[in-house]
Amino acid sequence: MALPRVLILNQPFVSDTGGGITLSNLFAGWDTDKLAVACSGYIMTPDIDPKVCNNYYQLGGEERKWVFPFNLLSRKYLSGQVKFTDRSKDNVVAEASKSKTRVGFIMKYFNPFLEYSGLVHFITKTSLSAQFRKWLDDYNPDVVYAQCSSRESILFCIAVNKYLNKPSVFHMMDDWPSLIGVKGFMSTYWKNKIDKEFRILLDDTHVHLGISDYMAQEYKNRYGKEFIPFHNPIDLKFWQSGQKKNYKLSENPTILYAGRIGLGIDNSLMTIAEAIKTVNTELQLTIKFAIQAQASPAWIKEYEFVKHREFVPYEELPHEFGSADFLILPYDFSPSSIAYIKYSMPTKASEYMASGTPILIYAPEYTALVQYAKRNHWATIVENENVRVLADEIRKLVTDQQFRQSLAETAKKQAEERHDSQVVTLEFQKIIANATKIQRQ
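In my numbering, the protein residues as written are 953 to 1393.
I should point out that these hints are in silico values taken from the structure, not numbers from a laboratory.
Honestly, I wouldn't trust all of these hints.
As the list claims (entries may be wrong) - Simulated pairs of lysine to any residue, SDA-like, Cα-Cα distance not exceeding 20 Å: (1) Lys1300 - His1329; (2) Lys1035 - Asp983; (3) Lys1382 - Lys1240; (4) Lys986 - Ala1385; (5) Lys1114 - Leu1131; (6) Lys1365 - Thr1299; (7) Lys1300 - Pro1316; (8) Lys1240 - Glu1267; (9) Lys1017 - Lys1003; (10) Lys1197 - Glu1256; (11) Lys1229 - Glu1256; (12) Lys1197 - Arg1103; (13) Lys1382 - Pro1181; (14) Lys1145 - Ile1252; (15) Lys1148 - Lys1035; (16) Lys1077 - Glu1014; (17) Lys1017 - Ala1111; (18) Lys1003 - Gly1013.
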């Protein structure tokens, strides 16, 4: 099958975000010269792997404008094509060069202010500069694939679609529109306005992709569009290289969490620590809780059995996941977080399933993750913020080898049937290729 030339908007090929990992796996095997990415400078990093794609356009000062007086404070990014095998990659701002004090101030004070005031929805605008239009013309894609997460990115995608007049595919990763209008100044106004603009983008898109079956059902009702679910596919051979085979517990069993830590997740991790403490006391064990994250949570010094681990290279994850006794997938239980993640599927879910390690999900009931696990029985689940219930489920995993092995075997089978990259990627390629046959009106 001849693969088309694809222009990807708003998401680079990276291995440290869910969207980047999913993108890399979906486009695995694509001809490198038939992929190009246009995205803002603030999400570009010098460490982007050029093996999948090495034709980037960094949307910088020529395209992305800030309103006065915020333009005086904004970081400056150069506009133009970037190839990660030549000097042009020097135009990408390295994360290490960014002031931690400045970043901390922005995350703690500036961004919340912009969101509450509503300024976040119009303080920046990305337009099509003459330089960017020339890059688009020179590349001449057959189809546009886009992800969005803000009003600015919606309007940018609409502008690119209008300029190119090519078939387009839109892929939704999270239900971020549900958070617009929850709080803040003129929230209802912005909710209605952005909903209208988002529907314009969906009407202008030929193929709609979601991240889960649950999202596809909801979006059919909400937007009247058919969304085809595509979650993160996995290379089974890669994950089988470290797959767990033995379900006898080590002397000091380890429960592993690997991922980012936000405020809500931090609270869930503390609840898990309390539950493990209860089980350790009742069974006279020393179950270890390993938290693999960028930074160590401040509270872990209160628990001797909780240890922080640094992130490991992606190629080491099969062994890392397979060597743990249990893997845990916690969610944030706050209402705003539930609204955001309700229809999402964690990138690591399919990776956990293929690892062969028993999985415990600690998440609200009405989320895509819990519904998927319930329907197919590939994990044990705790749906409430209750230390006692969580402790009982951990205790069952620890004391019942047949139970934990059955969960793991079911998860491996589910990974093979629904997340095998050889199957999923081929289906994805067909959808993108078929989209090129659609004639724009």
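Cross-check of the supplied hints:
{"no.": "1", "hint": "Lys1300 - His1329", "in the structure": "holds, 17 Å"}
{"no.": "2", "hint": "Lys1035 - Asp983", "in the structure": "holds, 16 Å"}
{"no.": "3", "hint": "Lys1382 - Lys1240", "in the structure": "violated, 45 Å"}
{"no.": "4", "hint": "Lys986 - Ala1385", "in the structure": "holds, 12 Å"}
{"no.": "5", "hint": "Lys1114 - Leu1131", "in the structure": "violated, 27 Å"}
{"no.": "6", "hint": "Lys1365 - Thr1299", "in the structure": "holds, 18 Å"}
{"no.": "7", "hint": "Lys1300 - Pro1316", "in the structure": "holds, 18 Å"}
{"no.": "8", "hint": "Lys1240 - Glu1267", "in the structure": "violated, 24 Å"}
{"no.": "9", "hint": "Lys1017 - Lys1003", "in the structure": "violated, 31 Å"}
{"no.": "10", "hint": "Lys1197 - Glu1256", "in the structure": "violated, 29 Å"}
{"no.": "11", "hint": "Lys1229 - Glu1256", "in the structure": "holds, 10 Å"}
{"no.": "12", "hint": "Lys1197 - Arg1103", "in the structure": "violated, 47 Å"}
{"no.": "13", "hint": "Lys1382 - Pro1181", "in the structure": "holds, 14 Å"}
{"no.": "14", "hint": "Lys1145 - Ile1252", "in the structure": "violated, 44 Å"}
{"no.": "15", "hint": "Lys1148 - Lys1035", "in the structure": "violated, 36 Å"}
{"no.": "16", "hint": "Lys1077 - Glu1014", "in the structure": "holds, 11 Å"}
{"no.": "17", "hint": "Lys1017 - Ala1111", "in the structure": "holds, 15 Å"}
{"no.": "18", "hint": "Lys1003 - Gly1013", "in the structure": "violated, 27 Å"}
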